[in-house]
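2 protein chains.
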Amino acid sequence: MDLAKEVGKTASKKRRTIALAESITGGLAGSLITDIPGSSDYFLASFVTYSNDAKMNVLGVERATIEKHGAVSAQVAKEMASGARRIAGADIGASCTGIAGPGGGSEKKPIGLVFLAVDDGKSVRSERKVFCGDRWAIKSQAAVRLLELVLKALQSE
Amino acid sequence: MDLAKEVGKTASKKRRTIALAESITGGLAGSLITDIPGSSDYFLASFVTYSNDAKMNVLGVERATIEKHGAVSAQVAKEMASGARRIAGADIGASCTGIAGPGGGSEKKPIGLVFLAVDDGKSVRSERKVFCGDRWAIKSQAAVRLLELVLKALQSE
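Protein chains in written order, with the working numbering: chain G, 8 to 164; chain D, 8 to 164.
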């Protein structure tokens, strides 16, 4: 996959390390990154925190944040990205949380809604997306977008 | 994927939860499990601990175990499986660690060597495999075998 290769080339050139916190993608983003030979040089870990408990206990997401904003929110995405970066000791932490369907959607939070975030140590930014298609299509688009955000963060350093 | 569906059906029926610790598969096993709608009912987390530091700091693998046996060993696979189970609070913890290549192989530990382990709360068992093919083929076979071991553990409960 060209995007994962580009992430690898840029991370290697800039000597930056990456950690992920994945919810909706279930590990797919980490799997794409590690398809590239030599990825162990810059990829430290991905925390696939599918349950709310895992988001809190593993990544340090605040219970109050989940209760106030929901697990699928910009705030939770930001705390996931920062948690991954801090716990893995990485230069860049990036995350995604969303609703893959077919269940779980609502008018306010439809199926396909995904929040992504990146913490590069200077600031934490999040992004809201609504992807189309079935569960697999939504997961894939979220994983690709997560890699694009990681690449953007690496390039801007 | 039929295997992931079978894992889901069995976990739901037996009301058992699953956590993974993935090294060589990079998140692929978690991604396969979460391709199934409703997987959030039984899949809690996957710890994709690619670096040795992540294996120690996140999963509690002992430094002495890595130094004595290497990161690709039955002992480390067992500690990864137990760590995933304990930290996520899951009924079953399962892990894999291996050498996907093209670099990193040796006569004693060839490319394709993978250790997998399962902790079901009663015992921790490990298995040694040598898979053939390129990096992607080795990752895929390891992920499938990991799911098979999870299914076996669910069925035997």
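A portion of the hints provided could be inaccurate.
In this list, chains with the same sequence are indistinguishable; a pair is considered to hold if it fits within one copy or across any two.
Listed next, the in silico BS3-like pairs over lysine-lysine satisfying Cα-Cα at most 30 Å (straight line) [to be verified]:
1) K12 to K136
2) K159 to K136
3) K75 to K21
4) K115 to K21
5) K12 to K75
6) K16 to K116
To be clear, the hints were calculated from the coordinates, so they are not data collected in a lab. In this text the structure is predicted, and so the values were computed from the model without any measurement.
Hints, one by one, checked against the model:
{"no.": "1", "hint": "K12 to K136", "verdict": "both (24 Å within a copy, 28 Å between copies)"}
{"no.": "2", "hint": "K159 to K136", "verdict": "within (17 Å within a copy, 38 Å between copies)"}
{"no.": "3", "hint": "K75 to K21", "verdict": "neither (38 Å within a copy, 33 Å between copies)"}
{"no.": "4", "hint": "K115 to K21", "verdict": "neither (40 Å within a copy, 34 Å between copies)"}
{"no.": "5", "hint": "K12 to K75", "verdict": "neither (38 Å within a copy, 33 Å between copies)"}
{"no.": "6", "hint": "K16 to K116", "verdict": "between (36 Å within a copy, 27 Å between copies)"}
When each numbered hint is compared with the structure, violations occur for hints 3, 4, 5.
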